[in-house]
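Here the protein sequences line up with chains D and V, keeping their order.
Each number in our numbering corresponds to the 1-based position in the first sequence with 3 added.
Each number in our numbering corresponds to the 1-based position in the second sequence with 1269 added.
In short, the hints are calculated from the structure, not lab data.
Treat the hints loosely; a few may be bogus.
As the list claims (entries may be wrong) - In silico BS3-like links for lysine-lysine, alpha-carbon gap of 27 Å or less:
1. D/K28 to V/K1297
2. V/K1406 to D/K116
3. V/K1290 to D/K116
4. V/K1297 to V/K1283
5. V/K1364 to V/K1406
6. V/K1283 to D/K28
7. D/K28 to V/K1364
8. V/K1406 to D/K28
Stated by the list, open to error - Derived DEER-like restraints, expressed as beta-carbon distance ranges:
9. V/I1428 to D/K28: 32 to 40 Å
10. V/K1406 to D/S79: 24 to 32 Å
11. D/L29 to V/A1296: 14 to 22 Å
12. V/E1291 to D/I106: 49 to 57 Å
13. V/P1304 to D/S79: 23 to 31 Å
Said to hold, decoys possible - Which residues of chain D face chain V? A few of them, derived with a C-beta cut under 7 Å, are:
14. P31
15. M35
16. V39
17. V40
18. L78
19. A103
20. V115
Even glycine gets a Cβ: it sits at the ideal position worked out from N, Cα and C.
What follows is each chain in one-letter form.
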Amino acid sequence: MQYLWAFLVGGAICIVGQLLFDVAKLTPAHTMATLVVAGAVLDGLGLYDPLVDFAGAGATVPITSFGNALVHGALSELQEVGWIGIITGIFQITSAGISAAIIFSFLAALAVKPKG
Amino acid sequence: MATKEAGRGPASYKPLSMSPKEYQQFAKSRQPSRPVFANCVRAFLVGGFICFIGEGVQHFFMAAFDMTSRQAGNPTVAVMILISVILTCLGVYDKIAQWAGAGTAVPVTGFANSMCSAAIEHRSEGLVLGVGANMFKLAGSVIVFGTVAAFFVGIVYWILGVSH
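If we strip away everything but chain D, and leave its shape as in the complex, we get:
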């Protein structure tokens, strides 16, 4: 059942992205930036966590969860160490995603020749 909700919710977020492409005529970079900010704002309003509980990877795999994780890191450090935590905590949770993307991409660039 969790798999079905992951599929449906993840797909629905991608439809929002496609509508931003086709109807709002945004570039991919604008679309991604919009979705990330939307994820951050939704988490600020306390609406993203219930979605994660409900849809699992359907909410954590789309790029909106990146904004959500940035806010989570900032807020948990804010509570622990005070206002400086907003700066020090932002990348606490997203470190896995960003580091993995940098490291794997770098190794790929070493190993692979561009095609086409």
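Since the structure of chain D is provided, determine the placement of chain V on it from the hints.
Just chain V, lined up with the frame of chain D:
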């Protein structure tokens, strides 16, 4: 000068009778309309499928390493990124992306794809000036806007003094 020469040549061109604004409207009316509904169906199917795989990876981490679903989130994202980078290297991801549109761009795999393809594409310009400087060319806006948004959300929470 150029129009004068063209007028004298054997294939004489008509002078453009439209103002730039009229031309823009004309060009817009001749653009093929985008199949929005079909694009959305494709995005839904592929995006949903990627999240479905993510759910599978997450369940694997929960079962194999005895993690909660929250703890499993981070390694899941890392595995999805690794899969995306491998598919990008094989040239498969971009093929799927042409068909799926936002379905491959919106998941975190699309974020990794944009970084990996930029890194590979600029490899010939060197490791520092090529790979290092261009890796975040597309993904950078995501990180910048996400970070700024998270900062302001944090400030609001700090000012209001509410706990999350």
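Starting from the hint list further up, note which numbers the structure goes against and sort them upward. 3, 6, 13
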